[in-house]
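Build the full structure now, drawing on both the sequences and the hints.
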Amino acid sequence: MKRNVLVLAGSLLLFAGAVRGQAKLVEKVTRKGSELVIPYEKYVLPNGLTVLVHEDHSDPVVHVDVTYHVGSSREEIGKSGFAHFFEHMMFEGSDHAPKGTFDKLLPNNNGSTNTDRTNYYETVPPNKLEQALWLESDRMGFLLDAVTQKRFEVQRATVKNERGQRYDNAPYGLANETISRNLYPYGHPYSWMTIGYLEDLNRSDVNDLKNFFLRWYGPNNATVSIGGDVKPAEVMKLVEKYFGAIPRGPEVAPVKVPAVVVDKDRYVTHVDNYARLPRLYMALPTVPLYHPDMVALDCLAEILGQGKNSVLYQTAVKKQLALQANAYQTNSELAGEFRFDLVPAPGKTLADMEAIARAALDSFEQRGVTDEDIAKFVGAQEAQMINGLQSVSGKVSQLAAYQTFTGNPNKIAEELAELRALKKEDVLRVYRRYIKGHGAVVLSVVPKGQDALVAREPNFKIDSSNYNRPDYGYAALRYVKAKDNFDRAKMPAAGLVPPVKPPAFWKKEMANGLKAIGTFNNEVPTVAVSLFIPGGHLASANDKSKAGLASLFTAMMNEDTKNYSAEQIAQQLSKLGATVNFSSGVNGITVTVQTLKKNIDPVLALVQERLFNPKFTETAFSRIKNQRLQGFKQMKSQPAAIADAVFAKVNYGPDHILGISQLGTEETVKNIELKDIEAYYNNYITAQGARLVVVGDISQKETEEKFAFLNKLPNKKVTLPKVDPAPAVDKTKVYMVDVPKGAQTEFRVGYATGLKWDATGDFYKSTLANYTLGGNFSSRLNQNLREDKGWTYGANSGFAGNSISGEFRFASGIRADATDSALVELMKDINNYVSNGPTDEELRFMRDAIGQAEAQRYETPGQKVQFISRILEYGLPGDYTVQQNKILNSIGKNELIRVTRQRIQPQKLNILMVGDKALVQDKVKKLGYEVVELDADGKKVGEKKEF
Numbered sequence: 001m002k003r004n005v006l007v008l009a010g011s012l013l014l015f016a017g018a019v020r021g022q023a024k025l026v027e028k029v030t031r032k033g034s035e036l037v038i039p040y041e042k043y044v045l046p047n048g049l050t051v052l053v054h055e056d057h058s059d060p061v062v063h064v065d066v067t068y069h070v071g072s073s074r075e076e077i078g079k080s081g082f083a084h085f086f087e088h089m090m091f092e093g094s095d096h097a098p099k100g101t102f103d104k105l106l107p108n109n110n111g112s113t114n115t116d117r118t119n120y121y122e123t124v125p126p127n128k129l130e131q132a133l134w135l136e137s138d139r140m141g142f143l144l145d146a147v148t149q150k151r152f153e154v155q156r157a158t159v160k161n162e163r164g165q166r167y168d169n170a171p172y173g174l175a176n177e178t179i180s181r182n183l184y185p186y187g188h189p190y191s192w193m194t195i196g197y198l199e200d201l202n203r204s205d206v207n208d209l210k211n212f213f214l215r216w217y218g219p220n221n222a223t224v225s226i227g228g229d230v231k232p233a234e235v236m237k238l239v240e241k242y243f244g245a246i247p248r249g250p251e252v253a254p255v256k257v258p259a260v261v262v263d264k265d266r267y268v269t270h271v272d273n274y275a276r277l278p279r280l281y282m283a284l285p286t287v288p289l290y291h292p293d294m295v296a297l298d299c300l301a302e303i304l305g306q307g308k309n310s311v312l313y314q315t316a317v318k319k320q321l322a323l324q325a326n327a328y329q330t331n332s333e334l335a336g337e338f339r340f341d342l343v344p345a346p347g348k349t350l351a352d353m354e355a356i357a358r359a360a361l362d363s364f365e366q367r368g369v370t371d372e373d374i375a376k377f378v379g380a381q382e383a384q385m386i387n388g389l390q391s392v393s394g395k396v397s398q399l400a401a402y403q404t405f406t407g408n409p410n411k412i413a414e415e416l417a418e419l420r421a422l423k424k425e426d427v428l429r430v431y432r433r434y435i436k437g438h439g440a441v442v443l444s445v446v447p448k449g450q451d452a453l454v455a456r457e458p459n460f461k462i463d464s465s466n467y468n469r470p471d472y473g474y475a476a477l478r479y480v481k482a483k484d485n486f487d488r489a490k491m492p493a494a495g496l497v498p499p500v501k502p503p504a505f506w507k508k509e510m511a512n513g514l515k516a517i518g519t520f521n522n523e524v525p526t527v528a529v530s531l532f533i534p535g536g537h538l539a540s541a542n543d544k545s546k547a548g549l550a551s552l553f554t555a556m557m558n559e560d561t562k563n564y565s566a567e568q569i570a571q572q573l574s575k576l577g578a579t580v581n582f583s584s585g586v587n588g589i590t591v592t593v594q595t596l597k598k599n600i601d602p603v604l605a606l607v608q609e610r611l612f613n614p615k616f617t618e619t620a621f622s623r624i625k626n627q628r629l630q631g632f633k634q635m636k637s638q639p640a641a642i643a644d645a646v647f648a649k650v651n652y653g654p655d656h657i658l659g660i661s662q663l664g665t666e667e668t669v670k671n672i673e674l675k676d677i678e679a680y681y682n683n684y685i686t687a688q689g690a691r692l693v694v695v696g697d698i699s700q701k702e703t704e705e706k707f708a709f710l711n712k713l714p715n716k717k718v719t720l721p722k723v724d725p726a727p728a729v730d731k732t733k734v735y736m737v738d739v740p741k742g743a744q745t746e747f748r749v750g751y752a753t754g755l756k757w758d759a760t761g762d763f764y765k766s767t768l769a770n771y772t773l774g775g776n777f778s779s780r781l782n783q784n785l786r787e788d789k790g791w792t793y794g795a796n797s798g799f800a801g802n803s804i805s806g807e808f809r810f811a812s813g814i815r816a817d818a819t820d821s822a823l824v825e826l827m828k829d830i831n832n833y834v835s836n837g838p839t840d841e842e843l844r845f846m847r848d849a850i851g852q853a854e855a856q857r858y859e860t861p862g863q864k865v866q867f868i869s870r871i872l873e874y875g876l877p878g879d880y881t882v883q884q885n886k887i888l889n890s891i892g893k894n895e896l897i898r899v900t901r902q903r904i905q906p907q908k909l910n911i912l913m914v915g916d917k918a919l920v921q922d923k924v925k926k927l928g929y930e931v932v933e934l935d936a937d938g939k940k941v942g943e944k945k946e947f
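When you line the sequence shown up against the UniProt record's numbering, it's residues 1 to 947, in that order.
You may find that some hints are simply not true.
To be verified - Under the rule of at most 30 Å between Cα atoms (straight-line distance), these lysine-lysine pairs were calculated in the DSSO-like manner:
hint, residue 1, residue 2
1, 546, 633
2, 24, 150
3, 210, 231
4, 79, 150
5, 308, 636
6, 264, 424
7, 308, 546
8, 160, 925
9, 241, 231
10, 507, 318
11, 636, 348
12, 886, 501
13, 706, 597
14, 104, 789
15, 483, 150
16, 241, 483
17, 28, 411
18, 789, 318
19, 756, 598
20, 597, 615
21, 598, 741
22, 308, 701
23, 598, 712
24, 706, 615
25, 308, 436
26, 706, 562
For the record, the hints were derived by calculation from the structure and aren't laboratory data. Keep in mind the model is a prediction, meaning the values are calculated, not measured.
Dropping the structure here:
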């Protein structure tokens, strides 16, 4: 829809007849003052393609987004999953850009599908823009002849693996699917998940996919959004050249469905083979995206079930009746949902959880909506909108979404106005209209063999009698290719990569020895802070019986203080649009702060309160400890979580601090008492070795003034225990953890290298050496196991390191019946790469790909924090990235082979497999490997002591 007026934005210019080449300039929005607006120019080509251009020269990057207004809502019964499946096929090559071209030219490209749209996107340096548009236009206009049956089969297998990994074989992975099937009428486009059903994927063929493309992938059903270091006139010349001749597709009418009505409660049960804890969901139908009631419903969800001040937290979680109790509101183009999500505490049932949820509604009616509720919600939402504009990709993606679903890219102005106009009466009104007394789908998810835990016996059957299959007009479709006036087969040159300058920074040592570093940037009015204090997981190295102490300590630091309750602090932070969080790492704890510049003073007052006046209560400690213990049980139902935990034990041994999760274990957490939390605070809160990083709209002088309170940190010496090296691996062997009937096998392969992080030494060279093997989508391992064989959704390898230690690791979830074959291929790829290194073409690709990513290292406040914090932590020069680039551009194959052979030793690898022992173990033994059986705790099967 075209806009004739502008509300709360800058200036809007309408050019009904203005034409630049073939494209018509429809509108132009600019910023006035400090208004929250994303400036853009909007064009429409004769073939119906909408183009949005956002000019922003703050960083040498460009983001390209191509959004097609088609998702799973354009599917039908028996043909689910096509939209998502076709997203995969769009990466399989086109007439002039064979498979692999996209990933080689633009490594940072991706795509996503939801119920209502599919988008493809990449962030590139400005010199790569023309190549991006050439590639995107080629798969829009010249795709189908490259869609072969073989590629169809491989990607179908990949999608199956994705479904298995994310849904079928994950705890609670099928909850959403079960809710949707029972909430929406049979045949409603939201009654199935975007991933689709396996049986539908199995019965589909390549022609079904081609028809789907012809029907929905025309330029008149697409929006191309381009933002960053560009000039609109130059962008439009390229868009007209590459997209202008693509024929218009069939007309696309909006999907129209009646509002969803649930006249009475529908009780449904799902038995989950992977869940260890029961879980209750309640779902009620609400309103579509951008409906006038959407904002009030979002506020209602926050009051009922988000954060420490919510009704559910106060009535259920804080009283330890539930381990988790949340409420949230989601909106899609055709409908919305209001959900409750509760996990009972030990001894409680799902019937208890349903009663708690219904009692929460009664409590809400009694308490009503306060001015504080509205202020808290509005403050947090405004900050979220501003923070979402910190990157050019965030701005471009928002423009694309607004255009696709409303026709108005400047919708942010209307959203802000609706948010600020929210009243208490609105929240109460939507509660009565959509929640109070309305029927819900009540889903009981119970572990296998625990059917008796359901909230109530099922009482609902799906009625399929009224389904009318939609006629989308697939029968009459023809594939017509564009006729260009240039040679499309000739790939456009990329030109020179623009120089990238790391952000300037300042450094200062405070009176008590704390070291500070910062950089000024006022692109958005925000400030990001990171305060590191030594300690962390290593503080438990001398008493590993209490491993997990630092993690529990930081959880307690997010609770009450001596002057304020956790709820009061949370409420104030929300009103200020800020976050303050304590977290634990290997060798320290970190306080992270995100705030709007205008609110920095009251936010830092709350940081000071949390840091210097914690109040460690037995009530909060008991609750957090119990949640942690129950969480361990749930983790043991997740093969990926089991693999990560056991792999650490395999690499370091059970008695090494790095072989124990930073969360601890069930045994160690049980040993931790409240006095241990108090002791940690007294012993490890110090200025010595502490590091402060400040990034954003704040000068050095302001930083020194506003953070002077940190001089109150005790200036005491903290000595962390020395970390012993990991035990040497004598030979490659396989460790097996049994997950009966697991559809996938989680692979973890590698060992502890002892190679610490460095900027320009062997660690950096090792990351370069691994790039070709497993460090990107086009790597040998991912191309072989995913793209060629279709055995996995993804495979990668890499070096990880810090100032303490390091490791090499390959990770992937492999289809169970291909486990032995995948192991053969994995070892073949590793051995071949160790022996021969990368090819000349792979070396060129590595340099180009890593070089393209350089500009994105400093774009957002979070990226700047990471950059300058490493300067402080490792004592690096400010131009260390320049030195890295010199190494990247000069390193040769011989040096990469040397590093690879030194750091990856195929004959001395730990191979961990977490999967169905009955299916895979004998096959693996036939390959000649020694197999050691472990349990989910990393102990040898049949032995009480750990291996």
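Violated hints, by number in ascending order, as checked against the structure: 2, 3, 10, 18, 19, 21 and 22
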